[in-house]
Amino acid sequence: MPKDSLAAVGPLLCLFPAAKRSELGALAGACAVCAECCIDDDGIRESVRFLDQEGRTCLRLFLLPDSDYTGWERLREGMPCIAHEARLSTCSRCVDLMRCLGRRWRGQDWMASLLRIDSGCPARPGPRIASARVSAIGREIACRIARAEGAPIPA
Numbered sequence: 143m144p145k146d147s148l149a150a151v152g153p154l155l156c157l158f159p160a161a162k163r164s165e166l167g168a169l170a171g172a173c174a175v176c177a178e179c180c181i182d183d184d185g186i187r188e189s190v191r192f193l194d195q196e197g198r199t200c201l202r203l204f205l206l207p208d209s210d211y212t213g214w215e216r217l218r219e220g221m222p223c224i225a226h227e228a229r230l231s232t233c234s235r236c237v238d239l240m241r242c243l244g245r246r247w248r249g250q251d252w253m254a255s256l257l258r259i260d261s262g263c264p265a266r267p268g269p270r271i272a273s274a275r276v277s278a279i280g281r282e283i284a285c286r287i288a289r290a291e292g293a294p295i296p297a
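143 is the number of the first residue of the sequence shown in my numbering; add one for each residue after it.
Hint data in this document are derived by calculation from the structure and do not stem from the laboratory. All values derive from a computational prediction rather than experimental measurement. Be aware that a few hints might be false.
As the list claims (entries may be wrong) - Derived lysine to any residue pairs resembling SDA-like cross-links, with alpha carbons at most 25 Å apart:
#: 1; residue 1: K162; residue 2: I279
#: 2; residue 1: K162; residue 2: R281
#: 3; residue 1: K162; residue 2: I181
#: 4; residue 1: K162; residue 2: A174
#: 5; residue 1: K162; residue 2: A149
#: 6; residue 1: K162; residue 2: A278
#: 7; residue 1: K162; residue 2: P294
#: 8; residue 1: K162; residue 2: G185
#: 9; residue 1: K162; residue 2: C173
#: 10; residue 1: K162; residue 2: M253
#: 11; residue 1: K162; residue 2: L257
#: 12; residue 1: K162; residue 2: R258
#: 13; residue 1: K162; residue 2: Y211
#: 14; residue 1: K162; residue 2: I271
Stated by the list, open to error - Quick list of simulated restraints, FRET-style, between CB atoms:
#: 15; residue 1: D183; residue 2: Y211; range: 17 to 27 Å
#: 16; residue 1: M221; residue 2: I181; range: 11 to 21 Å
#: 17; residue 1: I279; residue 2: G197; range: 29 to 39 Å
#: 18; residue 1: A278; residue 2: R198; range: 17 to 27 Å
#: 19; residue 1: S277; residue 2: C173; range: 27 to 37 Å
#: 20; residue 1: R275; residue 2: Y211; range: 16 to 26 Å
#: 21; residue 1: R286; residue 2: Q195; range: 13 to 23 Å
#: 22; residue 1: E196; residue 2: R275; range: 30 to 40 Å
#: 23; residue 1: Q195; residue 2: I279; range: 31 to 41 Å
#: 24; residue 1: A174; residue 2: S277; range: 28 to 38 Å
#: 25; residue 1: P222; residue 2: A278; range: 31 to 41 Å
Backbone N, C-alpha and C fix where the C-beta goes; we use that ideal spot for every residue, glycine too.
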């Protein structure tokens, strides 16, 4: 994935394991990436999932109303879809319980942040992460996603 494609998207919600302590720390362990799309109470929820060598999620980036949708589509072009990943078939009432218990069983807590990724500059190559400002509706959607995923609400 070209580094400029992430920068073109603008503000995103990021979820990462608290043990990694930062978004870049979580991203450093990624060796594969795939797209994910589901439908929830707010409509279509799209994310990009970064996976480590064992196929575990090490970072997720979620599209927000403030994101650049054209940039997002370019980012996702050619990405494999996560639909092939083995998933539990559970009823919607069980999803929250499974997330809560699953997090405890794996011993992994998640953090959430609102960020934008810059592609860097010749003097400092590599991605740089900055906190992002989003609209009130963008913040509300981000809070709902974070809550649904069992992560603390971004400040």
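Evaluation of the provided hints:
no., hint, in the structure
1, K162 <-> I279, "violated (29 Å)"
2, K162 <-> R281, "holds (24 Å)"
3, K162 <-> I181, "violated (29 Å)"
4, K162 <-> A174, "holds (17 Å)"
5, K162 <-> A149, "holds (22 Å)"
6, K162 <-> A278, "violated (28 Å)"
7, K162 <-> P294, "holds (15 Å)"
8, K162 <-> G185, "violated (30 Å)"
9, K162 <-> C173, "holds (16 Å)"
10, K162 <-> M253, "holds (9 Å)"
11, K162 <-> L257, "holds (16 Å)"
12, K162 <-> R258, "holds (18 Å)"
13, K162 <-> Y211, "violated (29 Å)"
14, K162 <-> I271, "holds (15 Å)"
15, D183 <-> Y211: 17 to 27 Å, "holds (20 Å)"
16, M221 <-> I181: 11 to 21 Å, "holds (19 Å)"
17, I279 <-> G197: 29 to 39 Å, "holds (34 Å)"
18, A278 <-> R198: 17 to 27 Å, "violated (34 Å)"
19, S277 <-> C173: 27 to 37 Å, "holds (34 Å)"
20, R275 <-> Y211: 16 to 26 Å, "holds (18 Å)"
21, R286 <-> Q195: 13 to 23 Å, "violated (31 Å)"
22, E196 <-> R275: 30 to 40 Å, "holds (35 Å)"
23, Q195 <-> I279: 31 to 41 Å, "holds (37 Å)"
24, A174 <-> S277: 28 to 38 Å, "holds (32 Å)"
25, P222 <-> A278: 31 to 41 Å, "holds (34 Å)"
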